[in-house]
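> Chain by chain, the residues run as shown.
Number of protein chains: 2
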Amino acid sequence: MAPRWKGKAAEAKALAEPMSTIVSRLQSSLIESNSQGLLSGCSVLLAAHPEQTELFNHACFGRPIISAEKDKQWFQLSLEEALYLCSVMKCIKVVGENKCEKNDEELWRYMTSKKVGFPFLFKAYSHLRMKNWVVRAGTQYGVDFVAYRHHPALVHSEYAVLVLSDEDDNKNTRLKAWSDFHCTLRLCGSVAKTLLILHISKNGDGAIFPSSLENYCVEERIVTRWNPEQSRENQTIVQKESCKS
Amino acid sequence: MAPRWKGKAAEAKALAEPMSTIVSRLQSSLIESNSQGLLSGCSVLLAAHPEQTELFNHACFGRPIISAEKDKQWFQLSLEEALYLCSVMKCIKVVGENKCEKNDEELWRYMTSKKVGFPFLFKAYSHLRMKNWVVRAGTQYGVDFVAYRHHPALVHSEYAVLVLSDEDDNKNTRLKAWSDFHCTLRLCGSVAKTLLILHISKNGDGAIFPSSLENYCVEERIVTRWNPEQSRENQTIVQKESCKS
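Protein chains in written order, with UniProt numbering: chain A, 1 to 245; chain B, 1 to 245.
Worth double-checking, as some hints may not be accurate.
Each pair may be met inside one copy or between any two copies, as identical chains are not told apart.
[Stated by the list, open to error] Derived BS3-like pairs (lysine-lysine); straight-line CA-CA distance at most 27 Å:
1. Lys-202 - Lys-115
2. Lys-90 - Lys-202
3. Lys-176 - Lys-114
4. Lys-90 - Lys-102
5. Lys-115 - Lys-176
6. Lys-202 - Lys-176
7. Lys-114 - Lys-90
8. Lys-90 - Lys-131
In case anyone wonders, no lab produced these hints; they're calculated from the structure.
Whenever a hint applies, use it, and build me the whole structure from the sequences.
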C-alpha cells in the first residue's frame, strides 16, 4: 500500500524536511537546554520553551498539556518516548519524585515494573524510531502502535503495529486464535493500514540496560490478505492490462 | 441498537412468518422424509427435495452445494447445525462412511475430536437457535458466530458472538489483552453489530451427550462503548431535550 499523503503539498513538505533532521534538531535543543523530565506514574513530564515546543510537535514526541503558564509548555511523554530520548538519543535526564536523577538502569527497572511487556514494547518503539518512523499509541485501533512515514498532519499512518514476544505475559495472547487474526486484519483493512507484526525474542541474559537491549532480536512481518486476482502469474496480468487498454 | 431491517416490507414479512414456524415446518418435513446426513470431514452432507430446499434456505441451515442433479439439492451443514438437527430437533439421522447410523454419543465424540472447543461452540449455537435466532459463522468478522433476528435476506445481523470458556484451549485466548478487546469492539461498531459474549462454564461431569449439555451454563454479556453523552442523569437529558424543542 502506497503512503497516503494528505495532499500534494504535504508530500512536498515532508520530502523537503526529513523526520531525521527534525529529530536531530530537537535533540540538539534539548541537550543545549539541559532538559529534565519528571517521572510521574506512567508518564514523564517535561517543560519546553517556545522554540522547543515547536520541535516537540514537529518531531511528534509526547502530548502538550494545557496549562496557564505562558513562557513554557509542558509535555507528557509516554514511558517509551521518555526512555528513548533519555537512553538512546541521550538528550534529556529524568528525575524521580525526590528530584534525584535516575540512571539508565534505575529507569529501566521502574518502567518495567509499571507496564506489562515494557521491554518488548520499548524495543519495538526504538526499532521503528531509529528508522525514522513516527510512532504513536495504537490503542484506538486495538494494536500497540501506529507508524507514520512523517508527521501525522502530513500523512496517514501506514502500519498498525502489534508487538509479540516469546515471553509468557499478557501481551502474548494476541493472534493465537484465528478469530483474533481475522478481526485484526479486517480492522486494519478498514482503516487502510497494513498490519506489521514485530516478533521480539530475547537472546542471552545478564547484561544490564541499555546494553541489554542488543539481546532483543526483532523480526518484522507484514500480514495482508491474499487476493487471488492480484496474485496470478505475470502473463495473466499483462493480458488483463492489454485488454483494458 | 434497534434491528436493521432491509426495508419496511422485509420487517412485515418477518413478522408475518416467525422463524420458529419456519424451523418447525423444516423439522416436520425432515422427519417425514426420514432424512439422513452423511458425515464428511468437518461437515455433514444432506440431500433435500425441492420443497425441503426452500425450507432449508428459509430456516437458514447449511449452504446449498451446486451440482448437476436436478431432482435433489445437496446441503452442506456445519457440525453445529448437523448436531442441532440431529440431537436437539431430532429430525435427521447422521451416518458415517460405512453407512452406519451414528448415535448421539458417537457423533459427539467425533465432532469434539474434529473441532477445538466444539462443546462450547455447540452449546452457544443451540442456546441461540433455541431462542429462534438465526446463527451463522462469524469468521469474516473475527468472531465465532453472528446472530440474526430473522432471515439474513430480511435483516442485518444484530450480534457478533464470541464464545468464551473456562477451559484452557485455543478458543480461550480471546479478549485477554486490552488491544484485542479494543480491536473487536471497534470492528463490531464499524459493522453495526453488538458484541455478545457467551461465557460458558461446565459444571459437573460424567453425564453423556446429550444430557451432558445441561451441565454447560451460559452467561450472556453484551459489551458496548460507554458514551458519556448518553449516560448522563435523567434530568440533564430532559433539559437537553427541552432546549431542542
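> Work down the list of hints and note, for each, if the structure agrees.
Here is what the structure says about each hint:
no.: 1; hint: Lys-202 - Lys-115; verdict: within (18 Å within a copy, 34 Å between copies)
no.: 2; hint: Lys-90 - Lys-202; verdict: within (24 Å within a copy, 55 Å between copies)
no.: 3; hint: Lys-176 - Lys-114; verdict: both (25 Å within a copy, 19 Å between copies)
no.: 4; hint: Lys-90 - Lys-102; verdict: within (13 Å within a copy, 71 Å between copies)
no.: 5; hint: Lys-115 - Lys-176; verdict: both (22 Å within a copy, 16 Å between copies)
no.: 6; hint: Lys-202 - Lys-176; verdict: both (20 Å within a copy, 23 Å between copies)
no.: 7; hint: Lys-114 - Lys-90; verdict: within (22 Å within a copy, 56 Å between copies)
no.: 8; hint: Lys-90 - Lys-131; verdict: within (17 Å within a copy, 63 Å between copies)
Every hint from the earlier list agrees with this structure, and none is contradicted.
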